[in-house]
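Trainee: Listed here are the chains, written in short residue letters.
There are 2 protein chains.
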Amino acid sequence: MQTLIQSVLAFQNTSLESVDVLLDGQQIHTVAPAGTLPTTPDRQIISGQDKLLLPGFVNGHTHSSQVWQRGLIPQLPLELWLADVFDSTPQQLEQFYWGAVSTAIDTVLSGGTCLMDHAYVIPGREIETMDALVRGYRSVGIRAVIAPLIQDMPFAAGFPSGCLLPQGTSPKPAEQQLALMEALIAEFHDPDQGIYIGLGPTGFHRCSDALLQGCAELSDRHQLCYHMHLLETRAQHRVAQERYGMSAVQHLSNLGCLSSRTSLAHGVWISDNDIALLASTGATLVHNPVSNLRLGSGLAPILNCLQAGLNVSFGCDGAASNDAQNLLEAIKLGTILHRISDSDYENWITPEQALAMATVGGAKGVHLSDRIGTIASGMEADLVLYNLNHASMLPRTNPLQLLVLGRPTEVVETVWIRGQKIVNQGQMLTVNPNILNQVLQQRISTPEQKRSAYDNIESHYRKVMLKP
Amino acid sequence: MQTLIQSVLAFQNTSLESVDVLLDGQQIHTVAPAGTLPTTPDRQIISGQDKLLLPGFVNGHTHSSQVWQRGLIPQLPLELWLADVFDSTPQQLEQFYWGAVSTAIDTVLSGGTCLMDHAYVIPGREIETMDALVRGYRSVGIRAVIAPLIQDMPFAAGFPSGCLLPQGTSPKPAEQQLALMEALIAEFHDPDQGIYIGLGPTGFHRCSDALLQGCAELSDRHQLCYHMHLLETRAQHRVAQERYGMSAVQHLSNLGCLSSRTSLAHGVWISDNDIALLASTGATLVHNPVSNLRLGSGLAPILNCLQAGLNVSFGCDGAASNDAQNLLEAIKLGTILHRISDSDYENWITPEQALAMATVGGAKGVHLSDRIGTIASGMEADLVLYNLNHASMLPRTNPLQLLVLGRPTEVVETVWIRGQKIVNQGQMLTVNPNILNQVLQQRISTPEQKRSAYDNIESHYRKVMLKP
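So the sequence lines, in the order shown, correspond to chains A and B. Residues in the first sequence are numbered consecutively from 1, following this note's numbering. Residues in the second sequence are numbered consecutively from 469, following this note's numbering.
No wet-lab data here; the hints were simulated from the structure. A few of these clues could be false.
[Said to hold, decoys possible] Quick list of in silico lysine to aspartate or glutamate cross-link-like pairs, EDC-like style, CA-CA up to 20 angstroms:
1) A:Lys463 - B:Asp810
2) B:Lys931 - A:Glu346
3) A:Lys463 - B:Asp812
[As the list claims (entries may be wrong)] Per the computed footprint, the stretches of chain A lying under chain B, defined by three or more beta-carbons under 8 angstroms from a beta-carbon of chain B, are:
4) 57-69
5) 295-308
6) 325-336
Ideal Cβ placement from N, Cα and C applies to all residues, glycine included.
Same shape as in the complex, but just chain A (with noise of 0.2 angstroms):
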């Protein structure tokens, strides 16, 4: 059966129009002019009326199971944060599945329909840590690209001077994760089913050249996103000078890493050269607002990004490091933050290119641009009809503005995603969110008496990036 929209304010592009939009199967089979699509019996009709509909948006990085973390960690920089992550990190398979289901429903519930989840996956049992993620990213029925975290260095490799640290347990070398990348891809890779795998080496901090070009390789010959943190942290530009002597950027692009598959999480640290080289490539920039100021990594240079024509996109990070996963937050922020790097008003984001950032270039972060991100005839039907009439989205002003830079709540009222419907009046229709907070309740977590990592690093970080 198909379903018509009738008469809805959509965001085209940059601005909203009032259309009758036509899903059919999975897809948008047509966009019209309002009131220009006939209603027929064999069409689902739904009033536009106080009702406004976008592509969904692409939560472009984030780590599901810290869904566990929410709340736990300290207030440290990454680099001890991750210590304390590290140790609290969760062992069981259920928990992957409760962290995919809990971070797919927050994401549809602030409008997203896709994310990507550079994933911990447990050594060892990583096919079982897919299959658990799989699983709930399917129950949910949320599109997901899945980038397992893969490294070949230490931890201590992430800190400058980090050879004075205990090097801890090596990981296996590049060769044995790159086979077992290839496997993941041959047992997970389902586009048909909205489920994709992406390769996630951690960062070029922790990973050998050997392993990125490897992974660059990977993405090439399977056409996969190329998914990696990048110079979140001064301590990681540190390390690149250190270790490369030059820009992080410029390494990556010797190697043959960055295309317009690559979509890199943070760039806080990027220099302007950077921002052109990368620019130049295609790649994506995740920007993820809440994240950085939680982590104290600093202010991404997101408006010289947007001037130089480097596709940026929105992520909220993981729940340890942004302890909610609220698009509509990391999107409202990432507007307004950039404000004060920039006193030429005329340079400010407006809701407007935030929407867009959010959903076309969410689409371009994922490699998903020709299905996703835009309301067109012949793209995919992940879209989002938000209610007007809520309070939050009161008076009427421009829906937009109120969208982008209030506080929305509950104003998510429908879901497609692949033309299934995933929300209705506001309900997740796929899974039970109160089983979900159940099994969130049954499970109690305290911070860890023993912070063996933390312990280990502390006094190394505060003399090698506190007193310079």
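Following the hints, complete the assembly by docking chain B onto the known chain A.
Mentor: Leaving out everything else, chain B in the frame of chain A:
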């Protein structure tokens, strides 16, 4: 009838304790270790299981009538934004009543029990406007301090080299403004009903010394809060240099305007010397992080303020510059924003500190810390009970961190103000929000076609502020 909240996690100064809390009339009668206060037939019993009890937050700075401009004003810095705000300011008394109701509901449902309304009042209809605001606040039952915005210099005075601008209408002279304030104090100041009048000169930049001093005299004589904008923008900083040849804070101090009853909104451009001077007077700085970013005003030096012992509280600012009125959002952003200005994480604001700033810090800022802001015997019962079983407060980790750093939604379960239960099971008891919504839905505002104020000043602003 007394109310006994049994075995509840309560925020006590800087940490959580499990206590019994007995309410009697308007007051907190007793706070005792959990399980020690007896159940008696004349006591209503409330289980504290899976609940969190906090003193109500104080919204230290807002402008209630701007509810009507939510989502309306484009992306501009304060001085230009203000031109559009003036052009679209509500002029009907009914709008002021509903603006107060809306602001109060948003405050209460995001954990607040008191607000400072730096209120626009219609020139020539000041008594009627104030009456509408007071009726609005009393209908909701919130504790409200209303400081009518007054100024005796024209709009142009707030710009560097403002003498070059058309001077527009001149407001009434200082003595008439002060006489008006005496009348409003006599008519509306009513602490027994939770309604307080404050002195609210717009800011030094649009007020003569006579008006600033006259307000200080009234504040002294009636022991009222003295509230004003302070150095919100770089433009205001330049106005102070042009007009006084010294720091605006030093000038206010010389005039005798700073005391423990003074609360100053923004302070984005205060210096270390200003901070030391403010701290020595016992004044309060009200931090409005969302508005400061939305208007590109800059980054207030909040960590320096805290280290200097200056009292800092949080505000939402009006809905024209923060298109939401959610205190938890302002608290979250104000907590994490300042990490980018100090790499030493030992100086970062913790969730516990943020809650102290929002409660006891907020109470000090409205000169009410002897009555509200802490959970202790003899204090008035302005309390908020949160539901820890809501999805946004899971999993069970650190409830204070989840509240401050997460995105809690619909977690406010019960609210008492002056002992009166205002919210029960998340629903307003005193007013029907659906009626407010109907009123807001009926009025459609669109950006003004005619932007006379804006057109008069844009080129001047660009010349003096962007091309130095």
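Trainee: Each hint needs a verdict: does it hold in this structure or not?
Mentor: Here is how each hint holds up against the structure:
Restraint check for lysine 463 (chain A) and aspartate 810 (chain B): the C-alpha separation of about 16 angstroms stays at or below 20 angstroms, so the hint holds. Distance restraint check for lysine 931 (chain B) and glutamate 346 (chain A): the Cα-Cα separation of roughly 14 angstroms lies within the 20 angstroms cut-off, and the hinted pair is therefore satisfied. At most 20 angstroms may separate the alpha-carbon atoms for a hinted pair to count; lysine 463 (chain A) and aspartate 812 (chain B) meet this at roughly 11 angstroms. Check result for the stretch 57-69 of chain A against chain B: holds, 3 residues qualifying (beta carbon to beta carbon below 8 angstroms, three or more required).
Figure legend: the stretch 295-308 of chain A, annotated as covered by chain B; annotation consistent (5 residues with Cβ-Cβ distances under 8 angstroms, at least 3 required). Check on the stretch 325-336 of chain A: 4 of its residues sit with their Cβ under 8 angstroms from a Cβ of chain B, so the three-residue criterion for coverage holds.
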